[in-house]
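For the record, the sequence lines run as chains R and X.
full-length UniProt numbering puts the first residue of the first sequence at 1, with every later residue one more than the last.
full-length UniProt numbering puts the first residue of the second sequence at 1, with every later residue one more than the last.
A hint or two may mislead.
[Claimed, not checked] List of simulated lysine-lysine pairs, DSSO-like, C-alpha gap at most 30 Å:
1. X:Lys139 / R:Lys41
2. R:Lys41 / X:Lys137
3. X:Lys67 / X:Lys78
4. X:Lys125 / R:Lys41
5. X:Lys11 / X:Lys79
6. X:Lys127 / R:Lys41
7. R:Lys41 / X:Lys110
8. X:Lys127 / X:Lys78
[Said to hold, decoys possible] Computed list of chain R residues with no C-beta within reach of chain X, every gap over 10 Å:
9. Ser49
10. Phe141
11. Ala401
[Stated by the list, open to error] Selected chain X positions facing chain R (Cβ under 8 Å, derived; list incomplete):
12. Ser98
13. Glu102
14. Ala117
15. Leu124
16. Pro129
17. Ile132
18. Leu136
19. Ile138
20. Asn140
21. Pro144
22. Ile150
23. Leu151
24. Asn154
25. Phe158
To be clear, the hints were calculated from the coordinates, so they are not data collected in a lab.
Glycine included, each C-beta is placed from N, C-alpha and C at the ideal position.
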Amino acid sequence: MSEEDSTIREATWSDLPPELLDQIFRRLTFPDTRRMSAVCKPWRSALESEPPAGVLSTVPWLMVGDEAEGGGLPKGARRIGGSVRRFFNPVERRWYEIEAADFERSVCHAAVGDWLLQSVCGEGKEEEEEEEEEGEKWEVFFLNPFTKVRIDLPGVHSPFDLGICSVVPTCTDCMVVLIEKGVMELRTTVLKVHQQKNQDPTASYTHQTTFELDILDAVYCGGLFYLYGTSWMGRVLSFNPNNGSLHHLLNMFSALSQPLSINLVESLGRVLVITRGDSGGGWCRAYRLDFSAKSFTQAMEELEGQTMFIGAGTPMSISAIGAPGGTVYFSKCGTFEGGMCEFRRGNESNIAALSPLDHGLYGLPGKHVSRWPVSLADDGMFDDNMDRLHYIRMPRVRVFADSSGEWFATGGIEGVWVQAPLY
Amino acid sequence: MASTSNSTSSKIITLRSSDGEVFEVEESVALESNLIRRMMEDDCANNIIPLPNVTAPIFYLVIEHCKKHAEMKDNKEKKKELRSQGEELLKSDPHTYSNLMEAVNYLDIKSLMDLTAQWLADFLKGKSPRLIRELLKIKNDFTPEEEAEILERNRWAFD
Chain R
1 MSEEDSTIRE ATWSDLPPEL LDQIFRRLTF PDTRRMSAVC KPWRSALESE PPAGVLSTVP
61 WLMVGDEAEG GGLPKGARRI GGSVRRFFNP VERRWYEIEA ADFERSVCHA AVGDWLLQSV
121 CGEGKEEEEE EEEEGEKWEV FFLNPFTKVR IDLPGVHSPF DLGICSVVPT CTDCMVVLIE
181 KGVMELRTTV LKVHQQKNQD PTASYTHQTT FELDILDAVY CGGLFYLYGT SWMGRVLSFN
241 PNNGSLHHLL NMFSALSQPL SINLVESLGR VLVITRGDSG GGWCRAYRLD FSAKSFTQAM
301 EELEGQTMFI GAGTPMSISA IGAPGGTVYF SKCGTFEGGM CEFRRGNESN IAALSPLDHG
361 LYGLPGKHVS RWPVSLADDG MFDDNMDRLH YIRMPRVRVF ADSSGEWFAT GGIEGVWVQA
421 PLY
Chain X
1 MASTSNSTSS KIITLRSSDG EVFEVEESVA LESNLIRRMM EDDCANNIIP LPNVTAPIFY
61 LVIEHCKKHA EMKDNKEKKK ELRSQGEELL KSDPHTYSNL MEAVNYLDIK SLMDLTAQWL
121 ADFLKGKSPR LIRELLKIKN DFTPEEEAEI LERNRWAFD
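Starting from the given sequences, assemble the full structure and let the hints guide the process.
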């Protein structure tokens, strides 16, 4: 009798109807749904089906580099040899170490949805490197750290610095622009990803464009890529991936009151420029670009009801559900530690709070973060002979091994916003 | 439209649970259930409404929760009290809690569904699959191989 009773008990939780399980699981964070999928088979099946529309948890995770110091390493060097990367989930305020063999020796250039755009220097990977410079081959691929799915793209001959993706690579019209920065010169490579039935997608290169621009950031919006570069007084350009044409849209650097960083973000179909500066304890401003009028306006109202996550190659703007509105989070890039700006509603210019990463939603427990430099000259990276434009340049990607064979990278993007799936 | 919970002129609805017990419930409480609302609209209003999927003890629990939920509006203390009762039930008698959730789902009571699902979600948060099975008395129906495969695939989530 009691045994029968207990079988009924055991069956109950597993037998809940799918729509009821859904009500429960949609309230969990992604890591919890992973744990729940290991409880019993019915729960696993419920969690393997598509999540209901509109319940995607949109607050992204932050992937951070494994910083390495000393031993003659250049400043900002990070370890890339291992197959583990660290992710911070701000909702749980918890770190996760995610392992994927494809992380080994790879550098991240961009993120789109839950996909990372990675590259690996082929040098010394299989056979010992020869005397070649030309033959140096870089593997380029998308990696989903949560499912470990890898989508290979054609390799490139030289390292690139920044990638921008139009949509996730599982979509038909995914386009990727690879940006390689030379001295006062920029080369872009456009990749079109072709979906194939029951097969891995293939990708092909289309246009290669070379133009003079020191690029800081780029975003995709409505069929075009927008680039912000500092050469020639801070230009915003549009880049058409279908024909490789480049259009100068506007100059705006002179109006930006000497920012420390400039980033682009697409928000509700508009392109915004987000700037940071250091005078008066730090400030952050948002500008809306109007391309038809070739003009821009300071537009703090664009931040209302939105939470923005700023970082080269990985910016996103989400409606502030489950996240504070009117808030901008910056990931670490170049000489900048991350930070957060929160805007008071209705107040156009004041920053209510500005804090390094150890405060706020993205507080990283136990991590020491240096304060924002009081002035540019206080920062060791700043050289009086360099002008301000150089200072805010995003450093080029370099990958190297030390004498013991451990691999490091410098430059590129260091904090990556990546969206974890809900289920 | 749901009427207020003032009992002055409230109509009484008669409901019968699967095990034959008859309940008399104020209309305002009964109308929290979209199922009952639909049945009444389909004209069972003057008859006894049968609830073939809900037993008397569970239905009693549902009504209790509905009443308390109506009271707790804008009352923090009550809210806390209801929550801790819910959590207590989940810990002491998970079987009944799952029946409660099923009944709430069947009766289509949105407010209670939100509450009970949220309490359960909060209970599940951060717990290992093994602990959940133990606490909720769920049978592990995976083969060791299947289980190892799931754990391996998302090892980062199980440390």
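Query raised in the report: Does Ser98 (chain X) meet its interface restraint, that is, does its C-beta lie within less than 8 Å of any C-beta in chain R?
Result: Holds - the Cβ of Ser98 (chain X) comes within 8 Å of chain R, reaching about 5 Å at its closest.
Query raised in the report: Holds or violated: Leu124 (chain X) as interface residue toward chain R, Cβ cutoff 8 Å?
Result: 6 Å, holds
Query raised in the report: Should the label of Ser49 (chain R) as a non-interface residue stand, given a Cβ cut-off of 10 Å to chain X?
Result: Fine: 16 Å to the nearest Cβ keeps Ser49 (chain R) off the interface.
Query - Restraint check, 8 Å cut-off on beta carbons, for Glu102 (chain X) near chain R - result: This hint holds: Glu102 (chain X) lies near chain R, its Cβ roughly 6 Å from the closest one there, short of 8 Å.
**Report entry** Restraint check for Lys127 (chain X) with Lys78 (chain X), where alpha carbons must lie at most 30 Å apart
**Finding:** Satisfied, since the Cα-Cα distance of roughly 28 Å is no more than 30 Å.
Query raised in the report: Is the Cβ of Phe141 (chain R) farther than 10 Å from every Cβ of chain X?
Result: 20 Å, holds
Report task. Quickly compare the C-alpha distance for Lys139 (chain X) and Lys41 (chain R) to 30 Å and report which way the hint goes. Result -> 10 Å, holds
Query raised in the report: Given Leu151 (chain X) as an interface hint, is the shortest Cβ-Cβ distance to chain R below 8 Å?
Result: 6 Å, holds
Query raised in the report: Can the hint on Ile150 (chain X) be confirmed by a CB-to-CB distance to chain R that is less than 8 Å?
Result: 5 Å, holds
Query raised in the report: Given Pro144 (chain X) was flagged as interface, is its beta-carbon under 8 Å from a beta-carbon of chain R?
Result: 12 Å, violated
Query raised in the report: Does Lys41 (chain R) pair with Lys110 (chain X) here, judged by a C-alpha cut-off of 30 Å?
Result: 27 Å, holds
Query raised in the report: CA of Lys125 (chain X) to CA of Lys41 (chain R), is that 30 Å or under?
Result: 19 Å, holds
Violated hint: 21 only; the structure is consistent with all others.
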